[in-house]
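Q: Listed in order, the protein sequences are those of chains A and B.
With this note's numbering applied, the first sequence covers 1 to 255.
With this note's numbering applied, the second sequence covers 1001 to 1331.
These are calculated hints, taken from the structure and not from any lab test.
Straight line, CA to CA, 35 Å or less: simulated DSBU-like cross-link-like pairs of lysine-lysine:
no., chain 1, residue 1, chain 2, residue 2
1, B, Lys1205, B, Lys1191
2, B, Lys1205, B, Lys1158
3, A, Lys146, B, Lys1131
4, B, Lys1131, B, Lys1116
5, B, Lys1158, A, Lys51
6, B, Lys1158, A, Lys146
7, A, Lys146, B, Lys1116
8, B, Lys1191, A, Lys146
So the chains spell out like this:
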Amino acid sequence: MIDYDSPDFWTDLFEVLLKGTLETLYMTGIATLITILVGLPLGILLVGTEKGAFLERSFGPVWVARTINRVVGFIVNVGRSVPFIILMIALIPLTRLIVGTFVGTTAAIVPLTIIAIPFFARMVEIAVNDVAPGLYETADSLGATKWLLIRRVLLTEGLPAILLGVSTTITSIINFSAMVGVVGGGGLGNVAVTYGFQRYSWIHIVFVVVILFAIVQIVQIVLTRIATRVSHRSSTAVLPKDAELTINPAQGVAT
Amino acid sequence: MIELRNLRKTYGHGPAAVRALDDVSISVPAGEIFGVVGRSGAGKSTLLRTVNVLERPDSGTVTLDGTQMTGLEGGALRQARRSVGMVFQHFNLLANRSIQQNVEFALEAARVPRGKRASQAAEMLDLVGLKDRGGAYPAQLSGGQKQRVGIARALAAKPRVLLSDEATSALDPETTESILDLIRSINRELKLTVLLITHEMDVVKRICDSAALMENGAIVEQGELVEVIRTPGSKLAAQLFPLAAPADDEGPTVIDITFAGGTADRPVIARLAREHELDVSILGATVERIAGTQAGRTRLALPVAGEAAAAVVADLRRQGLIVEYLKGGAA
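All chains, please: the whole structure from these sequences, using the hints.
A: Structure representation (structure tokens):
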């Protein structure tokens, strides 16, 4: 049990929460960065290698692109359908291989990244699919390379939706990072388990909830604002307010 | 300048196959504006896209200024496409980029060095009458202004050929006129060869030098407009002069008289009445400005048939008028 009247209670609480918050931000930050770096090209690859799409002939014969599409699509679907807690356990050998251990904050980044990449790749796919088809033809008519098409057309036109995807992905990673805490991954999830669950300190839980809520809100507000700013589709630049996908931790990702 | 030879293209297989291009050959001389008209689904769009090989024909060749486009692939094709500008019905602008950036995109695609893009793009925007609007975004522009940006973008890499895919079909009549006038003026100033497709005859009348009529993937008629309107039985001419079809109970003979060139101002009908003592009735008449010249067509019902009608027609033809029978008689 926690002694609420102890003179050190508030300083201890502050230190615990600060450490947990920093760990959560660290895990989420690195995982988000890697997720974007891997998921963005993957999402574009998914769209581009579809039948008749712009990368269909970029890998030699058409069957190569079709195969890439099927393989990547399959991996993404598997990644999306395995519940996180199971994925985390299944990935222990890989995590050990990369980080050297499977417990701790850094180790947690591996499963967090791997669950988030397929999710984000699908969001990029949706964003890129939404780019007006006529723009591909226009880029071709101007003699643009595929690389220029991706950079100047797909990424700029898809940017608002991609940013909202990043926002949702970060929210999901924060969500999953709490689960990592249960198995010794550190972060605010760990605070909630060790203080709130094992020692019945409701005050820890309240603070953890408030901090997590604040982080998610800040991420969403900032990214939505940037997305609105880079979108000029209509003169009033309206984006769907609830452009959110939700994740059910038990089932992985649901769109 | 543009040589399309025996182009064929089929979509799909077996009984569901659609023949989009059926042995199409067109030749557009340098500096000319050539219009391809036809209903939607006639194959115009496919035809236009074979010119810069956005659509690759199953067989046949596309030659632009001596370069055989259909023989090119990869980098060489991209290079060649830069000498062909294209404007689209729905403008196809990048919504999240300013119009200056939209034009710069074309220059970037054409490998124009970074330092030169801004000034060249501004120059193009000036040419299309959008000076000082470079910072605006497409959503802030009217349809006509968007198409002007589309034209500026198409011309940015200094092409010698402009392809227009129903460029004015999404615009109101007044804006259409101003865009057509713009295309006409750049055609003259930049010595640009223009191939356009449209379903609007008004576009052809206003700016085209030559036209082709397309039906079911095939060219059914083509030629210079000044010749087309003199050609009896021409389907294109019939569309250029919008006259209502005669009702069944009109007189025994119905004829169309086409006035072109110097014949437009003659008192033909008065003479008919006076010299042949005929009560002709006018079923319809129209005067159009076609390819820069005045031309008209009058549809008359004659109260006579057979020999008498033939005598009248022969007399009219002697006067240099183009006469066609719609009903009765034998041309």
